[in-house]
Amino acid sequence: MADSFDEMNGWGGSDPRAAYGEIRRWLDETPPEILQTRHAQAELLFRRTGITFSVYGDAEGAERLIPFDVVPRVLTAAEWNRLEQGLVQRVEALNLLLADLYGGQEIIKAGVIPPELVTGNPQYQLAVAGHVPPQGVFVHIAGIDLVRTGPDDFYVLEDNARTPSGVSYMLENREMMLRLFPELLQRAQVAPVETYPDLLLETLRSVSPDGADGDAGIVVLTPGPHNSAFYEHSFLADKMGVELVEGADLFVRDDRVFMRTTEGPRRVDVIYRRIDDAYLDPLFFRPDSTLGVPGLLTAYLAGNVAIANAVGTGVADDKAMYSYMPEIIRFYMGREPLLANVPTWRCREAEHLSYVLDHLPELVVKEVDGSGGYGMLVGPHATKAQIAGFAAKLRAAPEKFIAQPTLALSTCPTLSDGRIQPRHVDLRPFVLTGAKGVKVVPGGLTRVALAPGSLVVNSSQGGGTKDTWVSG
Amino acid sequence: MRIRVHHATTYDYQHPAEGVVQALRVTPSGYDGQRVIHWRVDVDVDGVLRERRDAFGNCLHIFSADQPVKSLTLRVTGEAEVRETAGVVSGALEPFPPQIFLRTTALTAADEAIRAWAQATEQGEPLARLHALMGRLHDKMAFDTTATNVATPAAEAFTHKRGVCQDYAHIFVAAARFLGIPARYVSGHLARPETDAQDAAHAWAEAFVPDLGWIAFDAANGVCASDSYLRIAVGLDYLDAAPTRGARRGGGEERLSVSVTARDAGLQRQD
Chain A
69 MADSFDEMNG WGGSDPRAAY GEIRRWLDET PPEILQTRHA QAELLFRRTG
119 ITFSVYGDAE GAERLIPFDV VPRVLTAAEW NRLEQGLVQR VEALNLLLAD
169 LYGGQEIIKA GVIPPELVTG NPQYQLAVAG HVPPQGVFVH IAGIDLVRTG
219 PDDFYVLEDN ARTPSGVSYM LENREMMLRL FPELLQRAQV APVETYPDLL
269 LETLRSVSPD GADGDAGIVV LTPGPHNSAF YEHSFLADKM GVELVEGADL
319 FVRDDRVFMR TTEGPRRVDV IYRRIDDAYL DPLFFRPDST LGVPGLLTAY
369 LAGNVAIANA VGTGVADDKA MYSYMPEIIR FYMGREPLLA NVPTWRCREA
419 EHLSYVLDHL PELVVKEVDG SGGYGMLVGP HATKAQIAGF AAKLRAAPEK
469 FIAQPTLALS TCPTLSDGRI QPRHVDLRPF VLTGAKGVKV VPGGLTRVAL
519 APGSLVVNSS QGGGTKDTWV SG
Chain B
-3 MRIRVHHATT YDYQHPAEGV VQALRVTPSG YDGQRVIHWR VDVDVDGVLR
47 ERRDAFGNCL HIFSADQPVK SLTLRVTGEA EVRETAGVVS GALEPFPPQI
97 FLRTTALTAA DEAIRAWAQA TEQGEPLARL HALMGRLHDK MAFDTTATNV
147 ATPAAEAFTH KRGVCQDYAH IFVAAARFLG IPARYVSGHL ARPETDAQDA
197 AHAWAEAFVP DLGWIAFDAA NGVCASDSYL RIAVGLDYLD AAPTRGARRG
247 GGEERLSVSV TARDAGLQRQ D
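Chains as they are written, first to last, in this note's numbering: chain A, 69 to 540; chain B, -3 to 267.
Bear in mind the hints are in silico, worked out from the structure with no lab data behind them. Every residue gets a Cβ at the ideal spot worked out from N, C-alpha and C, and that includes glycine. Treat the hints with care, since some could be wrong.
Claimed, not checked - Derived DSBU-like pairs: lysine-lysine, alpha-carbon spacing no greater than 35 Å straight-line:
{"#": "1", "chain 1": "A", "residue 1": "LYS468", "chain 2": "A", "residue 2": "LYS452"}
{"#": "2", "chain 1": "A", "residue 1": "LYS461", "chain 2": "B", "residue 2": "LYS157"}
{"#": "3", "chain 1": "A", "residue 1": "LYS177", "chain 2": "A", "residue 2": "LYS504"}
{"#": "4", "chain 1": "A", "residue 1": "LYS468", "chain 2": "A", "residue 2": "LYS307"}
{"#": "5", "chain 1": "A", "residue 1": "LYS452", "chain 2": "A", "residue 2": "LYS177"}
{"#": "6", "chain 1": "A", "residue 1": "LYS468", "chain 2": "B", "residue 2": "LYS157"}
{"#": "7", "chain 1": "A", "residue 1": "LYS507", "chain 2": "A", "residue 2": "LYS468"}
{"#": "8", "chain 1": "A", "residue 1": "LYS504", "chain 2": "A", "residue 2": "LYS307"}
{"#": "9", "chain 1": "B", "residue 1": "LYS136", "chain 2": "B", "residue 2": "LYS157"}
{"#": "10", "chain 1": "A", "residue 1": "LYS507", "chain 2": "A", "residue 2": "LYS177"}
{"#": "11", "chain 1": "B", "residue 1": "LYS136", "chain 2": "A", "residue 2": "LYS468"}
{"#": "12", "chain 1": "B", "residue 1": "LYS136", "chain 2": "A", "residue 2": "LYS461"}
Claimed, not checked - Reference listing, derived: stretches of chain B covered by chain A, where coverage requires no fewer than 3 residues with Cβ under 8 Å from a Cβ of chain A:
{"#": "13", "segment": "47 to 57"}
{"#": "14", "segment": "87 to 95"}
{"#": "15", "segment": "230 to 242"}
Sequences are here, hints too, so could you generate the full structure?
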């Protein structure tokens, strides 16, 4: 723990870093009991709004409140500007990559990425090969996971280009902080994130297919109340003032999508879907899916509806593809990546595999198509038996895994057991791409590993969240 | 051979079904060995029928009904001329490189048993191995229309050693892919001398052999496709090439009846 960079105290000096001047003063002045009381208030309020998250693998998918920490995570405006430029560059590259992979595949012809990353990837959706989505945008909403190891050292840990979740926590956490500590936010001159729903709506509207009039029909498509992120789906639909629908509320006639309403069918131009590709359309994907809309894909291929994110974006956020992101950015942008990748060993390559097998106790090993912190090995925290078990899995199917060094993630002051203690964090900013370009609201979702020393921040693994401030 | 096809599919629903949508892959495309002379697709209820190419280059019709439907009959009639090419399929629309057909799917996943069995195929050139694979599969399996259904994966049919043409094709494809040979599922018609209507169309497989291209193997009959084989659609598995895939709301129980005749149009009927 001592070798981690702390976002308030740096490498351990007595003076706080510039970003945390206000916070440090506030923490010094406020007795821990008051913080504890505020914490309890926050929890009560969250429970009342019903913001929950059901955890897969829990008994009966029990709904759980994601723990909220009242101590915010702070970035300076200068730090944020740098991150923002890097995020914009990265998401532009992701969109260019997808347009290319579903088009001429120049990047494969140029030998930058191996063809099997695409041909063998089940997330590369053959059904939409050759299709250009409305306005050419594939990843309308990206969640890029960042970690920090030093004052100037940020890394992209993961790109989430399918249906990234968590933005409702970014918004709710801010609302909670404004309620609990209004003066503090004012003093720290925190940049607003409340514009996100408007920006999202503008983004979705901007990709309406040609011919849709100014009053584009926009819906949020949810798998339903049993989905772990249902709260977020209804929250976003509500904030944007658009309909929240399930598959059965929509139908396709003559290559056009309609919503059933009491006043008759209403045309739908843009679908913000929170359903995986495999369930979107039983005529083309999983035939047993009852969550999707039969015929949706033909309306999409006919260019009559935009689907956000586009069908097939999962090929770009695969962790094997991730390892090529620096090369991908250079190829499409003609510039060096502004945000670094974590060095990554691809277990599909024999030399990399043998290195990984020799160094498992110090590495983090992840499934290439895994998410949510499931099925990963954190070497330094694993038992000998867990490591041996994972080695066997690696040998059996090396192409399914990548490995990375265990990063000394930065820590942030966090209220734990009634006092302020350092806990590891990451950051997921949400990056929006519409017809007119890329936008990022200043901030994101800071996830915090609540157990001392833990590096796993995923909410499904017991992580918590903090409000994220871009200050000054 | 000039093959004449009559293919009728009738859905009877217990109650009127709403929002009936069907994806139909029932119309052949041409390739060097096959020329479509005339072809017709009719649906006996009001709705919109649209034709397009799917990602694999197959001819795809999407039908959506305007009204609730109690019963629906899809009628396909046509004639095509097929030439003997010893199973070689060239000149077809090929939107994807052969490597795409190394992908496995749920229906074509090779389990331990299929892998071991495929591995035991005598070593040699890909073409020889594929012939050996086809012969061994034909011998190993028993044709049985009651053992499996359209959703049965290759591994399960292989365990039972029983199945229909779809299962033979899935197992063949799974084994070939495991051996590193691109392979795909084909749906179509086999012209048969008997005059009785069949209750299903036919299915077989194609495998890609360097220098030769795609070759059609019918493991259910233990032969390479001849000029009696009318090729309709291809894909990674049955789901990509199925003659019909549909969805509806309500309707209760469904009764499906299929009647297929595929005959040599040059033969006079004897009755």
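Here's how the hints hold up against the structure:
no.: 1; hint: A:LYS468 to A:LYS452; in the structure: 22 Å, holds
no.: 2; hint: A:LYS461 to B:LYS157; in the structure: 30 Å, holds
no.: 3; hint: A:LYS177 to A:LYS504; in the structure: 29 Å, holds
no.: 4; hint: A:LYS468 to A:LYS307; in the structure: 39 Å, violated
no.: 5; hint: A:LYS452 to A:LYS177; in the structure: 43 Å, violated
no.: 6; hint: A:LYS468 to B:LYS157; in the structure: 31 Å, holds
no.: 7; hint: A:LYS507 to A:LYS468; in the structure: 33 Å, holds
no.: 8; hint: A:LYS504 to A:LYS307; in the structure: 22 Å, holds
no.: 9; hint: B:LYS136 to B:LYS157; in the structure: 7 Å, holds
no.: 10; hint: A:LYS507 to A:LYS177; in the structure: 31 Å, holds
no.: 11; hint: B:LYS136 to A:LYS468; in the structure: 33 Å, holds
no.: 12; hint: B:LYS136 to A:LYS461; in the structure: 32 Å, holds
no.: 13; hint: 47 to 57; in the structure: holds (count 4)
no.: 14; hint: 87 to 95; in the structure: holds (count 4)
no.: 15; hint: 230 to 242; in the structure: holds (count 4)
When held up to the earlier numbered hints, the structure conflicts with 4 and 5 and fits the remainder.
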